[in-house]
Each structure stands twice: as structure tokens, then as C-alpha cells.
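Assemble the whole structure, with the sequences as input and the hints as a guide.
For reference, the chains in residue letters:
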Amino acid sequence: MLHLPEAVHSQMVAHCLVGLPDEACGLLGGDPDTGEVVTCYPTRNLARSAKLYTVDPKDHLRADRDAESGGGSIIGVFHSHTHTDAYPSPTDVAQAPDPAWHYVLVSLRDICPVVRSYRIVDGTVSEEPVSLRPL
Amino acid sequence: MPVTVHLPTVLRSHAGGAKSVPADGATVGEALTALAVEHPGLSGQVINGDGTLHKFVNVYVNDDDVRYLAGLDTPVTDNDQVSILPAVAGGAVPLPPPLQV
Chain F
599 MLHLPEAVHS
609 QMVAHCLVGL
619 PDEACGLLGG
629 DPDTGEVVTC
639 YPTRNLARSA
649 KLYTVDPKDH
659 LRADRDAESG
669 GGSIIGVFHS
679 HTHTDAYPSP
689 TDVAQAPDPA
699 WHYVLVSLRD
709 ICPVVRSYRI
719 VDGTVSEEPV
729 SLRPL
Chain H
705 MPVTVHLPTV
715 LRSHAGGAKS
725 VPADGATVGE
735 ALTALAVEHP
745 GLSGQVINGD
755 GTLHKFVNVY
765 VNDDDVRYLA
775 GLDTPVTDND
785 QVSILPAVAG
795 GAVPLPPPLQ
805 V
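Chains as they are written, first to last, in this note's numbering: chain F, 599 to 733; chain H, 705 to 805.
Treat the hints with care, as some may be off.
With beta-carbon atoms standing in for the labels, derived distance ranges [claimed, not checked]:
hint, chain 1, residue 1, chain 2, residue 2, range
1, F, Leu730, H, Pro779, 44 to 50 Å
2, H, Ala774, F, Thr632, 24 to 30 Å
3, F, Leu615, H, Ala791, 36 to 42 Å
4, F, Ser724, H, Gly755, 35 to 41 Å
5, F, Tyr685, H, Lys759, 49 to 55 Å
6, F, Pro688, H, Thr708, 35 to 41 Å
7, H, Tyr772, F, Ala692, 35 to 41 Å
8, H, Asp782, F, Val723, 29 to 35 Å
9, F, Leu618, H, Pro744, 45 to 51 Å
10, F, Ala612, H, Arg771, 27 to 33 Å
11, F, Leu615, H, Val714, 27 to 33 Å
Chain F regions said to be covered by chain H (calculated; three or more residues, Cβ under 8 Å) [as the list claims (entries may be wrong)]:
hint, stretch
12, 662-676
13, 679-688
No wet-lab data here; the hints were simulated from the structure. Every value quoted in this text rests on a predicted model; they were computed, and no experiment measured them. Idealized CB from N, CA, C, for every residue including glycine.
Spelled out as C-alpha cells, the structure:
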């Protein structure tokens, strides 16, 4: 299960909306053992595309250092799908970097953004529940 | 003094769970090759068999991505911090079909 503070949920969705018409992306810092997210790290999308994203490696390094210095680590990544469902694409699955990570999709296809989270292990996608923690 | 190599979570199991490990070398490539000798599980994870940097890995010396420096030939000196992180990418477009040989 992924535990999201409402503030992180809002930051993710806002970053994705600001990124339109391109896909937007970012990293999630927190506790890898519990799935508790503590910090949202919005990152630049180097691909600058409505159909692809690449987390800026410099932003990744900064986020990783910050998360590790706080005793946690990067435990997942989020990105938007501007015109499709909140479900990992074959590209997302093929390039999933870490089986321990949480993969959060923010679909902006409809008026209300849809946020869903998945685990991707050896090419197999499984959805996981997302709990929102009040501010 | 060797350089310190910071490992991503996905590779730590190959180095006994360590977050960072020391490695000797005059360049990033030498340090990473030495690391793979000491921890064979890391072999092929960062540097390909042909000696090039793995496509889905980013390597940094201190704050700089080595792809914007001299790649694996980037020189390192004592106490440099070498960081390895996975390249994080994806998107909504499907991958092209595999090549038919």
C-alpha cells in the first residue's frame, strides 16, 4: 500500500497540471519499508513530450540526496498521462527501474485527475491501494 | 584514499546491503570496474560487456552527470563522490515492436 499525505497528493497533481501539455514527472521520498511517502520531489521532464517522460538526472540526484539525508530514500516515481488512463504503458513497464518502487500514474484525460499506484516486478503490473493521510 | 561510490537501492543487495562502498581507480570507469571485481553481482549492471555505460543508469561525479563530462573516462581523485542512480523514464506511447531477424 502507498500512504500519501494529502499535501503530497496535491503537489503531484498540481505539478502534472502545470506541466501540460507535456507529461510531468517527479519522485517520491519516504520509508521503503512502510510505503509512507514523506516528500514530493517535482522534477523536470527532459523529454518535454506529451507522450514520454525522462526524469532530469540532476533533479534525481538532488532528490536522492535529500531523501537519504533525512533517513529515508526515493521509494517511487509519479508521472502524468495526458490523454490516457492512469495505468502503466508498455514503455513504463519496460523501463521500470526498481521492483521495490511504487509507480504512481496521474491521468489528466478527464476533468478530474485520477491518481493510482502500481508495483511493477519482472514486467508484471499489480495495482496497490492508496491511502490519503489528512493534512 | 579511494573514491566513495553511492549505490541505488536496487543494487545494494549485490554489495552486502551497503549504501556506499569505497573503490579505487583513476577514472570513473576504473573505479566501477574495480567495484564489480570486488562485488561480482554488480558486473554488467552499470558497465556493459563492451565497456560502455549502461543505457538505463546515470553516473555522477560529485554533482555532475558523467555523460556531460568525459563519460567513463572522467578522472576521479581521492574523496570524490561517485553516485549511481537508475535512469527514470517512460511514457504513454507503446514501445515499437521488436525487430524481426
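Against the structure, the hints:
At roughly 48 Å, the beta carbons of leucine 730(F) and proline 779(H) sit within the given window of 44 to 50 Å. Look at alanine 774(H) against threonine 632(F): about 41 Å separates their beta carbons, and that is not inside 24 to 30 Å. A C-beta distance of roughly 25 Å is found between leucine 615(F) and alanine 791(H), which places it outside the suggested range of 36 to 42 Å. Here the CB-CB span from serine 724(F) to glycine 755(H) is close to 37 Å, well matched to the stated 35 to 41 Å.
Checked against the hint of 49 to 55 Å, the C-beta distance between tyrosine 685(F) and lysine 759(H) comes to roughly 25 Å, which is inconsistent with it. The given range of 35 to 41 Å is respected by proline 688(F) and threonine 708(H), whose C-beta atoms sit roughly 37 Å from each other. Taking the beta carbon of each, tyrosine 772(H) and alanine 692(F) are about 25 Å apart, not inside 35 to 41 Å as hinted. Between aspartate 782(H) and valine 723(F) the C-beta distance comes to about 45 Å, which lies outside the given range of 29 to 35 Å.
At about 46 Å, the beta-carbon gap between leucine 618(F) and proline 744(H) stays in the expected band of 45 to 51 Å. Alanine 612(F) and arginine 771(H) have their C-beta atoms about 31 Å apart, which keeps the hinted 27 to 33 Å range intact. Distance hint check: the CB atoms of leucine 615(F) and valine 714(H) are about 30 Å apart, consistent with the given range 27 to 33 Å. Figure legend: the stretch 662-676 of chain F, annotated as covered by chain H; annotation consistent (5 residues with Cβ-Cβ distances under 8 Å, at least 3 required).
Counting residues of the stretch 679-688 of chain F whose beta carbon lies closer than 8 Å to any beta carbon of chain H gives 7, which meets the minimum of three for the stated coverage.
Hint violations for this structure: numbers 2, 3, 5, 7 and 8, all remaining hints satisfied.
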